[in-house]
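Please build the complete structure, drawing on both the sequences and the hints.
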Amino acid sequence: MTILEINNLNKSFGGLQAVQDVGFGVEEHRIKAVIGPNGAGKTTLFNLISGTLPFDSGSVVFKGEELRGLKPYQIAERGMARTYQNIKLFPGMSALENVMVGRHTRSRAGFVAGMLNLPATGREEAEIRGKAMELLGLLEIEHLADIEAGSLAFGQQRAVEFARALAAEPAMLLLDEPAAGLNMNETAEVARLISKIRDLGITVLLVEHDMSLVMDISDEIVVLSFGQKIAEDLPAAIQQNQEVIEIYLGGGDD
Amino acid sequence: MKRFLPLLALLALVISIQLLTQWTGTTYYLTQLTMSGYYAVVIIGLCLLMGYAGQISLGHAGFFAIGGYMSAMLTTRNLISFQNQDWVVLLDKFGLLAARQDLYGEAILAFQPWLAALIAIVLAGTIALIIGIPVLKLKGHYLAMATLGFGIIVYRVFLASEIFGEADGISGVPGFPLLPGVIVTGSFGARVGNYYIAWTLVIVAMVMLINLINSRVGRALRAIHGAEEAANAMGIDTARYKLKTFVLSAVLAAVAGVFLTHYNGGIGPSEAGVMKSVRYVALVAVGGMANLWGALIMGVTLNFLSLRGFFGSYDDAVFGAILIVIMLFAPEGLLRLNLAAKLKKLFSGGSRK
Ligand SMILES: Nc1ncnc2c1ncn2[C@@H]1O[C@H](COP(=O)(O)OP(=O)(O)O)[C@@H](O)[C@H]1O
Ligand SMILES: [Mg+2]
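First to last, the sequence lines map onto chains A and B.
Numbered according to this note's numbering, the first sequence spans residues 48 to 301.
Numbered according to this note's numbering, the second sequence spans residues 269 to 621.
Mixed in with the good hints, there may be bad ones.
Stated by the list, open to error - Derived DEER-like restraints, expressed as beta-carbon distance ranges:
{"#": "1", "chain 1": "B", "residue 1": "Y410", "chain 2": "A", "residue 2": "R170", "range": "27 to 33 angstroms"}
{"#": "2", "chain 1": "A", "residue 1": "P101", "chain 2": "B", "residue 2": "V425", "range": "37 to 43 angstroms"}
{"#": "3", "chain 1": "B", "residue 1": "G408", "chain 2": "A", "residue 2": "G72", "range": "37 to 43 angstroms"}
{"#": "4", "chain 1": "A", "residue 1": "Q203", "chain 2": "B", "residue 2": "A458", "range": "55 to 61 angstroms"}
Claimed, not checked - With a straight-line cut-off of 27 angstroms between C-alpha atoms, the simulated DSSO-like cross-links for lysine-lysine are:
{"#": "5", "chain 1": "A", "residue 1": "K118", "chain 2": "B", "residue 2": "K407"}
{"#": "6", "chain 1": "A", "residue 1": "K178", "chain 2": "B", "residue 2": "K270"}
{"#": "7", "chain 1": "A", "residue 1": "K178", "chain 2": "A", "residue 2": "K135"}
{"#": "8", "chain 1": "B", "residue 1": "K512", "chain 2": "A", "residue 2": "K118"}
{"#": "9", "chain 1": "B", "residue 1": "K405", "chain 2": "A", "residue 2": "K135"}
{"#": "10", "chain 1": "A", "residue 1": "K118", "chain 2": "B", "residue 2": "K405"}
{"#": "11", "chain 1": "B", "residue 1": "K512", "chain 2": "A", "residue 2": "K135"}
Read the hints as simulated data drawn from the structure, not as lab findings.
Since the structure is predicted, the reported quantities are computational estimates derived from the model, not experimental observations.
Just so it is clear, CB atoms sit at the ideal spot from N, CA and C, and this is done for glycine as well.
Shown next, in the form of structure tokens:
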């Protein structure tokens with residue numbers, strides 16, 4: 048079943064057409080990767096899907112529902128979570144609290160319940176905390192729970208951001224360059240983790256400009272170049288695709 | 269419950285101070301401590317908005333004044349000449365009006381204080397909601413200016429309206445019987461009782477706000493403050509949370525306005541003035557922004573000194589100066605001040621971002 052369907056998506060910034068007529072579908076419980084050189088429009092595409100930016104034309108259909116015009120929080124409520132290429136954790140909050148915020152769509156206590164601290168609110172808090180600790184455990188960073196997020200090492204911050212997104216128990220997870228800035232060991236670690244997430248039943252849409260990570264774990268790959276989709280195929284076929292090879296070898300812009 | 273230990277300490281302190289003033293024959297201090305308590309309710313509410321949700325308001329004196337003025341007007345406006353009109357008869361029948369005599373023995377029929385308070389507080393909350401929707405879309409300086417504009421409008425409206433007593437304000441506001449025998453009033457014999465009423469309100473407000481900042485909502489607010497885009501992407505309706513916080517802090521200001529007006533027996537336009545709003549912001553800043561206890565401690569201490577006349581005719585200037593000094597030397601507030609390090613940094617020629 049197709050969980051995400053993108054059709055003829057367009058976005059321009061002034062004169063720059065950052066995303067041009069892009070369309071593809073993502074099957075449930077799969078890992079789909081979007082690759083392409085720097086500036087190809089991958090992050091912009093993610094921003095359009097997650098509602099951070101409005102698109103000029105086209106459509107994004109998630110679980111059968113058109114997302115056009117929905118705010119990011121509404122899209123999150125529908126089961127989509129994301130991470131950022133340049134990590135956006137909540138500064139001044141501990142790693143644990145960051146992950147607890149990720150539980151927002153799965154909990155309910157509002158202003159009145161919060162102020163009165165009713166027994167049900169206390170139980171919900173305990174559930175949120177428990178789940179967040181569990182995810183820190185999954186990512187093997189439970190020992191960092193009480194450390195302020197901003198003071199963690201880069202790789203640890205990525206792990207916290209991962210856990211925060213997973214805390215929402217999303218149907219779909221958008222990962223924008225999860226291996227950026229990581230060394231080879233950490234990258235392999237992230238690859239294992241992404242496979243594990245897929246096995247938990249979460250569909251993953253992954254942006255990466257480094258091919259090595261995606262070739263092993265992706266079920267399917269979309270290639271973007273200058274805002275346009277130039278290929279969509281299985282990893283093995285993408286590796287053989289002449290146009291893709293040219294972009295990656297010839298482009299050399301980074 | 270670790271989070272409530274400081275509150276027990278506060279309660280003990282409140283009681284100790286009262287006993288101390290009794291033994292030393294200085295109960296007159298309780299008057300300013302009562303007033304400072306009510307102002308503290310405004311300040312901790314503003315602290316939630318500024319320190320936790322990250323939204324500034326330079327118009328909070330406006331909400332305080334809406335609370336105070338509305339309850340003053342409704343409880344003093346004599347309806348005796350309308351007493352045969354249907355709506356007055358109807359209000360009276362439901363026990364929503366209160367009859368009394370003023371100082372000169374004239375019969376007065378006016379709104380019952382509970383109803384007046386309710387109307388005043390709901391009105392302040394509604395106005396906060398209405399202006400908050402457009403204004404909270406603004407950020408930083410723009411939000412500061414927009415809320416400042418709101419505060420100025422409120423001030424001018426009260427100053428210009430005959431019904432609100434123009435430059436004289438409203439006096440002759442009756443006591444507010446909260447419960448049988450528990451009356452918010454400034455009458456001499458009720459001094460000790462009213463000190464406890466005010467500090468009960470402070471403690472109740474503190475309990476609720478401490479609960480709130482330690483809840484899912486408090487986390488969401490801090491997340492918005494830290495990284496709004498990511499907060500929204502995690503499912504937090506950021507606009508709604510900011511608006512609700514704004515309304516909550518406006519309501520707290522209005523509640524304080526209602527109580528203090530009944531306590532003082534009146535209210536004047538200076539309560540709505542911009543300098544009052546600046547004072548509240550300065551006190552939140554000096555208390556450490558995201559620090560309810562800091563806001564409470566600094567708010568009570570400095571307001572108490574101000575009410576005792578400690579700052580003389582420089583009163584407003586002192587609070588303006590406090591704001592400037594805090595912004596320069598200790599944006600995190602005095603109570604977390606690492607003065608030596610700050611001074612060293614300042615004089616080593618480094619500049620702040
Ligand atoms: N908010 C924006 N305003 C203007 N131009 C932008 C904005 N975001 C991205 N761009 C431009 O759009 C193009 C695609 O950027 P991006 O989506 O970040 O690429 P990628 O993630 O593939 O590296 C780039 O040329 C970038 O400069
Ligand atoms: Mg990018």
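Hint check results:
1. B:Y410 with A:R170: 27 to 33 angstroms: Given range 27 to 33 angstroms: violated, Cβ gap about 41 angstroms.
2. A:P101 with B:V425: 37 to 43 angstroms: holds (39 angstroms)
3. B:G408 with A:G72: 37 to 43 angstroms: Distance hint for G408 of chain B, G72 of chain A holds at roughly 42 angstroms.
4. A:Q203 with B:A458: 55 to 61 angstroms: Roughly 59 angstroms apart at Cβ, these two residues keep to the hinted range, so it holds.
5. A:K118 with B:K407: holds (19 angstroms)
6. A:K178 with B:K270: holds (23 angstroms)
7. A:K178 with A:K135: holds (21 angstroms)
8. B:K512 with A:K118: holds (18 angstroms)
9. B:K405 with A:K135: holds (21 angstroms)
10. A:K118 with B:K405: holds (15 angstroms)
11. B:K512 with A:K135: holds (25 angstroms)
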